[in-house]
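*Asks:* Below, each chain spelled out in residue letters.
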Amino acid sequence: MTQFLQLLFEGVSLGATYALVALGFVVIYRASGVINFAQGAMLLLGAYLISWMAVDVGLPFGVAVLAAMGALGAFGAGFHRVALRRVVGQPTFVLVMITIGASIAVSAAVEAVFGDNQRLLGDPWGSSTFHVGAITVTWVKFWGIVVAAVALAVYFSFDRFTRWGLAMRATAGDEEATLSAGVPVGRVHALTWALAGAMATLGGLFLAGFPSAPAHGLGDAALRAFPAVVLGGLSSSVGAVAGGVLIGVVEVMTSGYAPSWLGTNFYAVAPYVVMIAILLVRPYGLLGVKPAERL
Amino acid sequence: MSRSLARRGALPAFAALAVALPFGLSASNLTTATFVVIAAIGATGLNVLVGYAGQISLGHAFFLAAGAYTGAVLGEDHGVSAALWIPAAGVVAAIFGALVGPMALRLKGLYLAIVTLGIVFIGQHVLLNSAGISGGPQGRTFPPVVIGPFDFSPGQTLQLGGLTIDRSGLYYYLGLVILAAATAFAWSLRRTRGGRAMLAVREREAAASLMGVDVGRAKVGAFVVSAALAGVSGALYASYLSFAQPTQFNLDMSIQFIAAIIVGGMGTAAGPLLGSAVVFALPSVLKSLPFVPEEGTGGISVGDLTSISYGLLIVVFLVLEPRGLVGLADRLRSLGRRSAAPDFTPAISLNTPEEAHP
Amino acid sequence: MSEPLLSVRDLTLRFGAVTAFAGVSFDVARGELFAVIGPNGAGKSSLFNALSRVYEPCDGAVTFDGRDFLRLRPRQLAGIGIARSFQNLGVFPALTVLENVMVGRHHLMRAGALRGGLGLARAEELRHRHAALEAMEFVGIRSLADAAVQTLPYGLQKRVELARCLAMEPRVMLLDEPVAGMNAAERAEIAELVARVHAERELTLLIVEHDMAMVMKVAERILVLDFGEPIAIGTPAEVQRDERVIRAYLGEELEVAA
Numbered sequence: 001m002t003q004f005l006q007l008l009f010e011g012v013s014l015g016a017t018y019a020l021v022a023l024g025f026v027v028i029y030r031a032s033g034v035i036n037f038a039q040g041a042m043l044l045l046g047a048y049l050i051s052w053m054a055v056d057v058g059l060p061f062g063v064a065v066l067a068a069m070g071a072l073g074a075f076g077a078g079f080h081r082v083a084l085r086r087v088v089g090q091p092t093f094v095l096v097m098i099t100i101g102a103s104i105a106v107s108a109a110v111e112a113v114f115g116d117n118q119r120l121l122g123d124p125w126g127s128s129t130f131h132v133g134a135i136t137v138t139w140v141k142f143w144g145i146v147v148a149a150v151a152l153a154v155y156f157s158f159d160r161f162t163r164w165g166l167a168m169r170a171t172a173g174d175e176e177a178t179l180s181a182g183v184p185v186g187r188v189h190a191l192t193w194a195l196a197g198a199m200a201t202l203g204g205l206f207l208a209g210f211p212s213a214p215a216h217g218l219g220d221a222a223l224r225a226f227p228a229v230v231l232g233g234l235s236s237s238v239g240a241v242a243g244g245v246l247i248g249v250v251e252v253m254t255s256g257y258a259p260s261w262l263g264t265n266f267y268a269v270a271p272y273v274v275m276i277a278i279l280l281v282r283p284y285g286l287l288g289v290k291p292a293e294r295l
Numbered sequence: 296m297s298r299s300l301a302r303r304g305a306l307p308a309f310a311a312l313a314v315a316l317p318f319g320l321s322a323s324n325l326t327t328a329t330f331v332v333i334a335a336i337g338a339t340g341l342n343v344l345v346g347y348a349g350q351i352s353l354g355h356a357f358f359l360a361a362g363a364y365t366g367a368v369l370g371e372d373h374g375v376s377a378a379l380w381i382p383a384a385g386v387v388a389a390i391f392g393a394l395v396g397p398m399a400l401r402l403k404g405l406y407l408a409i410v411t412l413g414i415v416f417i418g419q420h421v422l423l424n425s426a427g428i429s430g431g432p433q434g435r436t437f438p439p440v441v442i443g444p445f446d447f448s449p450g451q452t453l454q455l456g457g458l459t460i461d462r463s464g465l466y467y468y469l470g471l472v473i474l475a476a477a478t479a480f481a482w483s484l485r486r487t488r489g490g491r492a493m494l495a496v497r498e499r500e501a502a503a504s505l506m507g508v509d510v511g512r513a514k515v516g517a518f519v520v521s522a523a524l525a526g527v528s529g530a531l532y533a534s535y536l537s538f539a540q541p542t543q544f545n546l547d548m549s550i551q552f553i554a555a556i557i558v559g560g561m562g563t564a565a566g567p568l569l570g571s572a573v574v575f576a577l578p579s580v581l582k583s584l585p586f587v588p589e590e591g592t593g594g595i596s597v598g599d600l601t602s603i604s605y606g607l608l609i610v611v612f613l614v615l616e617p618r619g620l621v622g623l624a625d626r627l628r629s630l631g632r633r634s635a636a637p638d639f640t641p642a643i644s645l646n647t648p649e650e651a652h653p
Numbered sequence: 654m655s656e657p658l659l660s661v662r663d664l665t666l667r668f669g670a671v672t673a674f675a676g677v678s679f680d681v682a683r684g685e686l687f688a689v690i691g692p693n694g695a696g697k698s699s700l701f702n703a704l705s706r707v708y709e710p711c712d713g714a715v716t717f718d719g720r721d722f723l724r725l726r727p728r729q730l731a732g733i734g735i736a737r738s739f740q741n742l743g744v745f746p747a748l749t750v751l752e753n754v755m756v757g758r759h760h761l762m763r764a765g766a767l768r769g770g771l772g773l774a775r776a777e778e779l780r781h782r783h784a785a786l787e788a789m790e791f792v793g794i795r796s797l798a799d800a801a802v803q804t805l806p807y808g809l810q811k812r813v814e815l816a817r818c819l820a821m822e823p824r825v826m827l828l829d830e831p832v833a834g835m836n837a838a839e840r841a842e843i844a845e846l847v848a849r850v851h852a853e854r855e856l857t858l859l860i861v862e863h864d865m866a867m868v869m870k871v872a873e874r875i876l877v878l879d880f881g882e883p884i885a886i887g888t889p890a891e892v893q894r895d896e897r898v899i900r901a902y903l904g905e906e907l908e909v910a911a
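Quick mapping for you: the protein sequence lines, in order, are chains Y, A and V.
Note that the first sequence covers residues 1 to 295 in this note's numbering.
Note that the second sequence covers residues 296 to 653 in this note's numbering.
Note that the third sequence covers residues 654 to 911 in this note's numbering.
If you are wondering where the hints come from, they were derived from the structure by calculation, not from laboratory data.
Small disclaimer: the values here were computed from a predicted structure and weren't measured.
Just so you know, even glycine gets a beta-carbon here, dropped at the ideal spot from N, CA and C.
Just to be clear, a hint being listed does not mean it is correct.
What the hints assert, rightly or not - Some but not every residue of chain V turned toward chain A, in silico, with C-beta under 7 Å: (1) Asp680; (2) Val756; (3) Ala764.
Chain Y extracted, bound-state conformation (with noise of 0.2 Å):
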């Protein structure tokens, strides 16, 4: 029972890392419908900054954190506008295709700079635990889920409450309207790929937080969130946090409980097994919606 609540914990604390990681996802295609294959390669750049400022430059961890997600939000505008703002019109596939060439090149780009090996990243965490009746809370999990929490809470009320939230949901829609009612979309846009680079950097933090490092596998394991985002449908950022902990909490689970004859490492596709057998039955996502078509 112990080790079903603590791996229960564990599952929800990379759940809620997942969630991060799948919000900024989610965030970009609200906002453009393009999905962001690159969101990994972000992550794992926000991962990696953290460390370079915290531990070679010295600066003191906030900082860092704060500067990393600067340097991603920006570089994330930068990308829209260098890029993506060029092929408008274009059908999904090309978006899609670049946000993947983006995301090769970035993840490459990462490793050539800062080696392959792994790096301390700098937090002030490190393993230190606290005890919850018998189960083991590692800080680090802790804040992760807590930090979600409020990212989360903040994303939805900047959404639902605030007129820039509202430029976004009106540009998903219709560009050109929203442009013509005097939106600027062009502003809406930059700030869509900042808020998911932030994103990014924090779900890297996490992701890369004891027991991992900023390493190269952070990558792969950042591609873990794909189900993630995936199964909660792209449009919903509830539906994103769902798939985030579900899919966190199911990798947690089979690491903990799956039989021998499912394989050794199992755990990095149960997302993707468990992903696939819920789509065959909803394929928009356990709360997607399917998209309008005009005819």
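Once you have looked at the hints, place chains A and V on chain Y.
*Replies:* Frame of chain Y; chains A and V shown alone:
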């Protein structure tokens, strides 16, 4: 008219060049060329799925693996002749294609892309845990191609008249023959009912359906063709390498094929050929660049440099010339022809075009 | 009197709380040119989409040639002889004109992907290419065979769609706003083309349209919708005189002025 005439002249020239190529290349360059030719078979298949039918698939590596390991099991574990295991590789991969294809009916765009991504991971996982088929993480050997008097085993050569063809050359020519057949098939497909159905599905699925196109059949058909060619390509690839590990059939491999058809020009006949030449020769080209350090020493690794290049190539081409190298060639050609009259005149008068141009 | 080809009874379509149209009933006789008109938002296009099995009506019945039409799936329409054009252009942009029209021949051809790829379908291709070119000739775009459709001006793209419909060798053509977005000259050309299609090919035509002039000129009978309700049905002359129709299009003011 002038365009197809140019093509008629170009095709035999190109073919002659392709046949003569091995004799003008160094050993290592010939190896690269052989890989390019073998990969181009797979790229031609992916072009049918992505270029014709418009289905986003990141799962190509899975079908290559299916073909490769079919060849291994039949050819090496059961001593079957290559004349059988090469086609069998295509057939088995095609069966997997028929199993994956129906997913494209339920899932659109991004959802399909991520599911195909999952298939690559799941495939790798299964292979890594099936040591009997794949040799586990350490990998296994793959059978050389032996058909009658033609023995492609390591160290073998073929004497033809005064010419000596080494192992690389043998694989090159075999690959070339299969590639020519595959390209002819894809070309012919494009111009007939089945191919048009795929294109219609890509362009406007709902309208296509109202015209009687069986959308499901078109999509699954595209998956089957794509997988079959990938299977043959994978089997030849592994056979040529003679040793491979399951981890080689990964997402990176899928991406390489995607890059190849984007760079070459999606939906065209020459696209997969041109794109493969660029993408699959890239690693050796980069290795020979002066500022790239040797393996193992510090600095940027060839692998990273290659990946960065793939990524940049994809982005640059899609942003600047989405029709790939074929599109680029078209543009250059029309620059030269700018003074010539356009092919048609839009109707601006009350006359129908027929009356304006009798 | 022969059976009507198309028979619609009490057809109703709702999207949640919004009623697209309700209680629509009409018959279309074989070889007739029937038009459905009405002000913006009247439900004409929704009716069309229901008649091409894209939308599922929530009430009512449709009989086509004696068969229960509502049991059919979109893909079966071509086979029973129904062709439709689209308001927002249903042409395949990146394909050539000839390729577009050849897709219209799809349901009349048999070769699958395998035979096509192996080069075993040449004879069939040639035969149907002739038919496609003929349809293009009728519509006046034969010389544009190899042009990429997306490079053509709007009016020509509409003709491509028309040629494609003709190439399907249908018994009924559903034309969704065939002259939308055109200038006066183009409208006259298309109107003439539609009339010619009707006369020379003896097809049954069902047209949804906005442009009164065109409809009054070519239609034999007209159904008028307003806010999803049928308000008049009859010949052009009858419909033009109908008070409800006049009110729907011009509002109450005319009555007062008169």
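*Asks:* Return the numbers of the hints above that this structure violates; sort them in rising order.
*Replies:* Those not satisfied come down to hint 1.
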